[in-house]
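Residue-level listing of the chains:
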Amino acid sequence: MGAVVIVMFAMAAAFFIGAAVTHAPRGSAVTVAVTRPPRPLPTTTLRSSPTLTPRSMSLNAAPVAVPVVVEIPSIHVVSNLLAVGMTAAHAMAAPEGGANSPYWGDTFWYRGGSVPGAVGTATIAGHIDNRYGQYAVFGLLSRLVKGDLILIRYTKRGLTERFVVTSTHAYTLAQTTTRPVLNLIYGTGPPAGRPAQPSADGLAHLSLITCAGTWDYAIATHNERLVVSAVRIR
Amino acid sequence: MKHQAISNSRWIVNGGLTALVAGAMMVAFSTTPAWSATSPSLGTADAASVVAGTTVTNTGPTTMSGNLDLFPGTSVTGFPPGTVGGVLNTGAINPAAANAAMVDVTAAYGVLAGAPATGSANTDLNGLVFGPGVYAASSGLSLTGTVTLQGDANSVFIFKSVSTLITGPGSRVLLSGGVSPCNVWWQVGSSATLGSTTAFVGNILALTSISLSTGVTLQGRALTQTGGVTLDSNVITSACSAAPPVTTTTVAPTTTTSTTSTTSTTSTTSTTSTTTTTPVSTTTTPPIVAAPVTGGGPLSPTASGFNGTFLGYMGMLLGGGLLGFEGLRRIRARRS
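In order, the protein sequences belong to chains A and B.
Taken in order, the first sequence gives residues 1495 to 1728; the numbers are from our numbering.
Taken in order, the second sequence gives residues 1167 to 1502; the numbers are from our numbering.
If you're looking for bench data, these hints aren't it; they were derived computationally from the structure.
Ideal Cβ placement from N, Cα and C applies to all residues, glycine included.
Just so you know, not all the hints are guaranteed correct.
As the list claims (entries may be wrong) - Anything over 12 Å on all C-beta distances counts as not near chain A; from chain B, calculated:
1. Gly1209
2. Thr1210
3. Ser1286
4. Ser1304
5. Ser1308
6. Ser1356
7. Thr1374
8. Met1480
9. Arg1501
Unchecked claim - These stretches of chain A come out as covered by chain B in the derived footprint (C-beta under 8 Å, 3 or more residues):
10. 1616-1623
11. 1628-1640
12. 1665-1671
13. 1679-1689
14. 1703-1709
Next comes chain A alone, as it looks inside the complex (with noise of 0.2 Å):
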C-alpha cells in the first residue's frame, strides 16, 4: 500500500517536472527524494485573456466588486477593486456615494481596459479626498516616486502581479482629453472606441490616477489628473 503511494507520487512529480527524473529509477522514495531538483515557482504569469468581469457587461453597468487588492507599501493602501465603466460623459467612473461611503477607501479598475498584469494598459483610479476633505485611498498617491512598488493581488487565484512606478505626471483637465493622454492613461482601445489593445512594446502597462492641483468650484472639481504609470516586474 505505501509502495503504491509512493510510486504514484514518484509519477507525479515526473510528471511535473519533466525529464530530469524520468529517468531516476523508481519505487524507491530515498531516489525520488535525491534526485528531485527544486520545484519550479508557481508562474505570476496571467493567462492570455484573462477576464475580471464578463465580456458582455455594458460599460454603463453599476460598479461590481472583483477579487483583487490593491497594495502600494510606500504609501500604506490597501483597497478592494472595484470594476466601474463609464459616466453617461465618457468618462471612466468614479463612485462617490455620500459622506461615510466606502467608495472613498475602494479603488476603481476600468473594465474597458486591460487587466491588471495583461499585456496592454490597465486603468486604476481612486479618490484622492472625501466629501469633509480628508484623504481619501490615493490621498498621498502624489508622494510615489520612480521605482515604488504596486501589487496586485488576485485573491482568488493566489496570484500577485508586482508592477514598479516608472513615472510620474500631473496633466490638466484640458490635457486629459487630447488623444496623447488619453492613450497614456488607458492604452490605445478604449480612448478609439475599442476593446483594450495589446501594448506595443509588449509590457503589462498600469496607470494609477487621481485628482490633483486645486479644487475648482466653477466645475466642482480638481484642475489636474495625476498619472502613476508603472510597468510589471517578474
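Given the structure of chain A, go ahead and fit chain B onto it with the hints provided.
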C-alpha cells in the same frame, strides 16, 4: 454589375445637373482658364485643427483630428466633453509650439491676402460652380445653399472676403472631379460664422474669430489670429488626410435629362455624405474621452498633518511644561 449601373446613372444625372447649372448661370467655371494658384504653406500649423489667439470655447461632444493651438491666450473651455485628436498647446501649456503655429498662420494669411484675384464672388455662392482660381469678394462672402468646386486633385481654390464669411443652416461645399480638400482656402478679413449643420470644406483663415454653430462639420481647419474660436458639437477633420471624394469617377457629363429639383436634392445629399468624413463607425464600445472625477471636495487643511490644531497642542504641552517647571522651582524655593 447592377450596382455599377446605378451609380453610373447617378453621376450622369449629377454631372448633367452640374452642366445645366454651369450653363444656365454663366458662372466663372465656364469662362475662367485653368489658373495655377498654389496653396500657401501652413508650416507647423499643418498639424493643427484649430488655431486661436484669445480663447477656444466649446459646447458638446466636439472632435478634432489635429492639434489645438491657442496663443497668447490660455483659456480653453469645454474639453471635455470636446476632444482633441492631436496635441493641446496654449500660452500656458507648451507656449513655444502654440506661438510657432500662430506665426505660421499669420504668414499663410498674408500670402492668401496678397494673392491676385482671377475672379469675383460678390453674391451668395449658393448654386454656383467654381473652377480653380482666386476669387475675391469686395464685401462679405455668404453661402445659403450648396457651392460646387470643380477641378482635379491639383486645383487650388482661394476665396477672399474683406469682411465676413457667413453660411446659412445646412449649407454645403461640394467638391467635384477629385478636388483635394487641402487645396481649398478661405481668407476672411474679420470673422467667419458657419450656420448649424453646415458641411464645410477648406482651411478658414479669419483675422478675428471663427464660430461653428451646432453640428457643423469642417473638413479643414479653423485658424484665427487675434480672436477666439467657438465650437458646438462639431467634427473637424484634417483637410488632407481624408479619402478622395467619390466624385473622382470620370463619367463625362453628357446628358441633361430630367434634372428636377427633387433629384438635385437627393444627388447633392448623397455626394456630400461621401465628402464629409465622419468618425469611424466600426466602434464596438463608446470611446472614453476623459479622466475620472476623483475627489470629493477641496482638500481640508487638516489633511496636511502639520496644521493649526497640531501647533496648538504643541503649544499647550510647552506651556504646561513651563508652568510645571516654574511651580517646582517655587516649591523648592519655599522649602529652602
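Against the structure, the hints:
1. Gly1209: holds, 21 Å
2. Thr1210: holds, 17 Å
3. Ser1286: Check passes; 42 Å lies beyond 12 Å.
4. Ser1304: Per Cβ check, serine 1304 of chain B is outside 12 Å of chain A; nearest 40 Å; holds.
5. Ser1308: Since the minimum Cβ distance to chain A is about 34 Å, serine 1308 of chain B lies beyond 12 Å and the statement holds.
6. Ser1356: Given that every Cβ of chain A is farther than 12 Å from that of serine 1356 of chain B, nearest at about 28 Å, it holds.
7. Thr1374: holds, 23 Å
8. Met1480: The claim holds: methionine 1480 of chain B sits with its nearest Cβ about 21 Å from chain A, beyond 12 Å.
9. Arg1501: Label holds. Min Cβ-Cβ 51 Å, cutoff 12 Å.
10. 1616-1623: holds (count 5)
11. 1628-1640: holds (count 5)
12. 1665-1671: holds (count 7)
13. 1679-1689: That given contact holds, which follows from 8 residues of the region 1679-1689 of chain A lying within Cβ reach (below 8 Å) of chain B.
14. 1703-1709: That given contact holds, which follows from 5 residues of the region 1703-1709 of chain A lying within Cβ reach (below 8 Å) of chain B.
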